[in-house]
Amino acid sequence: MGSADGHFIQPPTRSSSEPSTPSRHHYELRFYRDWTGSHLTNPLKRFNVTMDESDLELYVTNDISETDVQAVLADCRAQLSAQLLREPDFLESLVPLAPRPDDGPLAARMKAAAQLAGVGPMAAVAGTIAEAVGVYLRQFSPDVIVENGGDLYLTLSTERRVLVYAGDSPLSNRLALNVKPEDTPLGICTSSGRFGHSLSFGKAHAAVILSKNPALADAVATATANRVSTPEDIDAAVAFAAGIPGIKGVIVIQDDRMGLWGELDLKPVKG
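Numbering (UniProt numbering), first residue to last: 1 to 271.
These are computed hints drawn from the structure, not numbers from a lab.
Relax, there's no trap hidden among the hints.
Quick list of simulated restraints, FRET-style, between CB atoms:
id : residue 1 : residue 2 : range
1  : F47       : V269      : 23 to 31 Å
2  : D265      : P170      : 20 to 28 Å
3  : V269      : Q139      : 30 to 38 Å
4  : P99       : K212      : 17 to 25 Å
5  : T50       : A82       : 17 to 25 Å
6  : K267      : R86       : 41 to 49 Å
Just so it is clear, CB atoms sit at the ideal spot from N, CA and C, and this is done for glycine as well.
My request is simple: use the sequences and hints to build the entire structure.
In structure tokens:
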């Protein structure tokens, strides 16, 4: 299996349309977080940062001020709140929005990702925030994992494994992605039509997307999951995601079937 020294559980995410808003409080039970620490054989320091409905689980090598991380998260949320005041459609649109000269940095990144994926910009919000917090953390820690509601930002100094969660599919937690340091920073984002509080246009157990751009991975995960209603839709959904520039890997799971594409180092996990 190689030198991977621990599992990190790929968490279940929101369902496959738009995420919760920057102004609406909404917490979900993050039950998968009870699994992660027990699976890390080379454990990292772990802490949680929340603000309104944002709920981030963070893994780092060194002690880092939670207050400083809170400030980074607050800045992200302030940027998005300001964007909503300038452009109310930014919140609810299910289709890409044109860039504007007054777009903030996060909003511009979300819009660019959404344009490639063919979804609304809020489909990229979790990956975008995870990356912003992760980029801050990596100034102080060689290993950083940010988990934001099913979306991961990783910077690693040692190989680790990400266990793929797919709800009640028989393939859930049966495969692990080996992630090597040279492949990071990396975004690994998951969308599902089977669980989560948001509107769903599909029934995929999981659409997992890898990209150097977490905002893009997030948006494409949403768009890919939306394309899967039956196992017969898997091939077309994988081809859709694979055709988007910047996507490095695709996993789509529906019931007991799976489609794969790209730079995936997958290993079976024994029950």
